[in-house]
Amino acid sequence: MTMPLEIVTVPCLSDNYAFLLHDAASGRTALVDAPDPAAITAALKKRGWGLDEILLTHHHWDHIDGTKELCSTFGASVTGAAADAHRLPDLDRAVQDGESFDLFGHEVQVLDVSGHTVGHIAFYIPDSNAVFTADSLMALGCGRLFEGTPEQMWNSLSRLAALPPETVVYSGHEYTQANAAFAITIDPGNDALKTRIAQIDTARAAGEPTVPSTLQLELDTNPFLRAHLSSVKESMAMQNAEDVDVFTEIRRRKDNF
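In terms of UniProt numbering, the sequence shown opens at residue 1 and continues consecutively.
What the hints contain is simulated information worked out from the structure, not anything from laboratory work.
There may be inaccurate statements among the hints.
Unchecked claim - Calculated pairs, DSSO-like style, for lysine-lysine (alpha carbon to alpha carbon, straight line, at most 30 Å):
hint, residue 1, residue 2
1, Lys233, Lys254
2, Lys45, Lys68
3, Lys46, Lys68
4, Lys194, Lys254
5, Lys233, Lys194
Here the structure is a predicted model, which means the values were calculated and not measured.
Can you build the whole structure from these sequences, using the hints too?
Written out as structure tokens, the structure is:
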């Protein structure tokens, strides 16, 4: 039986996260997104790890800017979306929606999660119970729609919502406390959300991260995953609206919150 990857959360820049994925059997390590080479290199050296692969979710600078330096230092190879290759660092492996690839003996499934950008991908690793969503599904939120449409993002979130509920969601930013302040305006009667907000406030007061979360927790509390529920529609006076229209209105309100 394959042992799950050891996953380490690395705080980067002011509010980004990168993630180290270490396979104990082979001693090899991968990285999801490369915002800050200094922070990532320090985390690797602390553990005595090298860096063999870099997996990129999308082209925004705060997810890719450290790639070249890390490749130069460690000799890592780079994987990213074929659809985004023209604006990513040079790729050694270009992947697309529905494909799988091997990472140190672990299957990685590629999901197109366009919305925040077009060509944004997520990496789902079933045997490690992990999905790396960057700026698509986020803790209590979703990414702002810089390039994609509400329909694209709703479809992307719906695909992620269909993963096993125990899946651990590794998203790209520490936005959870701000997201929580908005979420309660959409879902004011949600007791699970109220409990989560108290936990978030405690964690942030102690300087602790709120990422990762679980998919089940997001399903229970994240308004962007709950646009199809009658309770949310009623709280927004949109009882008869289509799910995607409710999602669109939630995103509009968040943009103006």
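Each hint, compared with the structure:
| no. | hint | in the structure |
| --- | --- | --- |
| 1 | Lys233 with Lys254 | holds, 16 Å |
| 2 | Lys45 with Lys68 | holds, 18 Å |
| 3 | Lys46 with Lys68 | holds, 21 Å |
| 4 | Lys194 with Lys254 | holds, 18 Å |
| 5 | Lys233 with Lys194 | holds, 19 Å |
Violated hints: none; the structure is consistent with every hint.
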